[in-house]
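Heads up: the sequence lines are chains L and H, in that order.
Under numbering that gives the first Met the number 0, the first sequence has 31 at position 32, and the numbering climbs by one with no breaks.
Under numbering that gives the first Met the number 0, the second sequence has 66 at position 67, and the numbering climbs by one with no breaks.
Keep in mind the hints are simulated off the structure, nothing from the lab.
These numbers were taken from a predicted model, which means no experiment stands behind them.
Where a beta carbon is used, it is the ideal one built from N, C-alpha and C, also for glycine.
Accuracy of the hints is not assured; some may be wrong.
Pair by pair, the computed Cβ-Cβ distance ranges are [what the hints assert, rightly or not]:
(1) L:G38 x H:H67: 11 to 21 Å
(2) H:S99 x L:R13: 33 to 43 Å
(3) L:S2 x H:K58: 25 to 35 Å
(4) H:E59 x L:A47: 37 to 47 Å
Going by beta-carbon spacing under 7 Å, a handful of chain H positions derived as facing chain L [claimed, not checked]:
(5) G27
(6) L28
(7) R45
(8) E46
(9) G47
(10) L48
(11) P51
(12) H54
(13) Q55
(14) P73
(15) R75
(16) K76
Covered by chain H, according to a simulated footprint, are these stretches of chain L (three or more residues, beta-carbon under 8 Å) [as the list claims (entries may be wrong)]:
(17) 33-42
(18) 56-67
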Amino acid sequence: MTSIETYLDQSCARLPINPAEAEDVREELRSHLRELVEGYAAEGLDRAAATERALTWFGDPQRLHDSLDLVHHGDPWWVWRLKGMVLGAVLGAAIALLLPVGGHIEFLTTTLGRPLGWEAGRIQLALNGLLAGGLIGLLSGARGIFVGWVAGSLIWMAEYVAYLIISIATDMAPPDGGLRLFTSVILSPVLGGLFGAVVGGVCTALLTGASRLRPEIR
Amino acid sequence: MNTISGDILKGNTLTLILTLLGEEEMYGLQIAKEINRRTDGILRFREGLLYPALHQLEKEGLVESEWHFSSQGPRRKYYVLTRKGSKEAARLRKRWSAFSTAVNQVLGNSGD
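Throw the hints in and build the complete structure from the sequences for me.
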């Protein structure tokens with residue numbers, strides 16, 4: 000037997016609208032179906048039979064999906080996610096370049112014999128902004144900002160681990176003590192990830208009418 | 000009882016919806032029930048297909064929607080006709096009237 004949620008999964012899957020709007024459509028259909036089920040149940044049908052009858056009466060989910068898809072035609076879902084990713088990444092990187100915050104890419108480039116000088120820190124942050132911003136665009140949804148934050152933080156942490164491995168492999172001791180270690184492993188990733196997530200999230204929200212940041216359907 | 004569905008109904012769904020919404024704001028299930036009630040069940044359609052029609056009307060600015068919350072019942076999305084929608088409803092009714100008159104004239108002369 001098909002449940003209401005399974006039916007909704009089929010009829011509302013990958014509509015070319017942003018997740019908040021898709022949830023709005025889904026909630027509208029869900030509300031209708033639940034009322035239908037209640038009505039049939041009140042007529043004496045058991046729950047399973049009432050649900051089956053409601054779903055049958057509602058129509059073929061694939062046909063409903065195709066009709067909704069046609070009405071809300073526009074860019075396919077993956078195009079707006081790609082747009083969000085690119086816009087979030089570019090703007091995240093651009094804004095990050097304006098912030099005079101240091102990073103450890105300088106160590107890497109120095110090790111490779113091509114020191115970048117003062118702009119190294121900005122490039123480092125730009126990369127993090129780009130990665131986190133891109134991720135938030137790609138993963139945007141109801142929990143997009145949180146996902147982007149975690150992803151951005153993990154990226155930054157991974158970079159620091161790579162930095163440590165390189166420093167050990169090249170016998171160059173990292174120029175930091177315990178405090179710097181805390182800053183690099185905990186504080187910077189969390190702040191950097193948050194920065195990238197917010198920038199990327201705002202960008203993708205602006206791109207799709209700000210509805211993606213809306214936690215509740217109004 | 001014979002019911003009418005399919006293409007005949009599909010082609011006039013928007014007229015029916017706009018006409019009903021011209022009387023009062025309604026939610027999807029209410030629209031379906033009202034069509035069913037007024038036609039004694041002759042016009043029947045898959046209720047899910049109301050929503051693509053409603054969304055199309057909203058996209059064209061002919062209707063507006065708003066969620067209504069109730070402490071006693073489920074929350075429902077109500078649709079209301081816009082000024083543009085009222086004009087379109089009048090135009091569609093006029094077109095339907097001309098069409099049905101023309102069809103009746105042909106059927107009335109068929110000798111059945």
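Interface hint for P51 (chain H), Cβ within 7 Å of any Cβ on chain L = It holds, given that the least Cβ distance between P51 (chain H) and chain L is near 4 Å, below 7 Å.
query = Lying within 25 to 35 Å: is that true of the beta-carbon distance S2 (chain L) to K58 (chain H)?
reply = 30 Å, holds
ask   = Checking C-beta pairs, does the segment 56-67 of chain L have three or more residues closer than 8 Å to chain H?
value = Holds: 9 residues of the segment 56-67 of chain L have a Cβ under 8 Å from chain H.
query = Per the CB criterion, is L48 (chain H) less than 7 Å away from chain L?
reply = At 6 Å from the nearest chain L Cβ, L48 (chain H) passes the 7 Å test, so the hint holds.
message = Given H54 (chain H) as an interface hint, is its Cβ closer than 7 Å to any Cβ of chain L?
response = 5 Å, holds
request  = Grab the minimum C-beta distance from L28 (chain H) to chain L and call the hint holds if it beats 7 Å, violated otherwise.
outcome  = 5 Å, holds
Coverage claim, chain H over the segment 33-42 of chain L, checked by counting residues with Cβ within 8 Å (three needed) = holds (count 3)
ask   = Against chain L, with CB atoms and a cut of 7 Å, does the hint on G47 (chain H) hold up?
value = 4 Å, holds
C-beta pair G38 (chain L), H67 (chain H): status relative to the range 11 to 21 Å that was hinted = Since G38 (chain L) and H67 (chain H) have Cβ atoms about 19 Å apart, the given range 11 to 21 Å holds.
ask   = Was the hint right that E46 (chain H) lines chain L, CB cutoff 7 Å?
value = 5 Å, holds
task = Using 7 Å as the Cβ threshold, decide whether G27 (chain H) counts as touching chain L.
result = Nearest chain L Cβ about 5 Å off; hint holds.
task = Mind checking the CB of R45 (chain H) against every CB in chain L and telling me if the closest is under 7 Å?
result = Hint on R45 (chain H): holds, closest Cβ of chain L at ~3 Å, below 7 Å.
When held up to the earlier numbered hints, the structure conflicts with none and fits them all.
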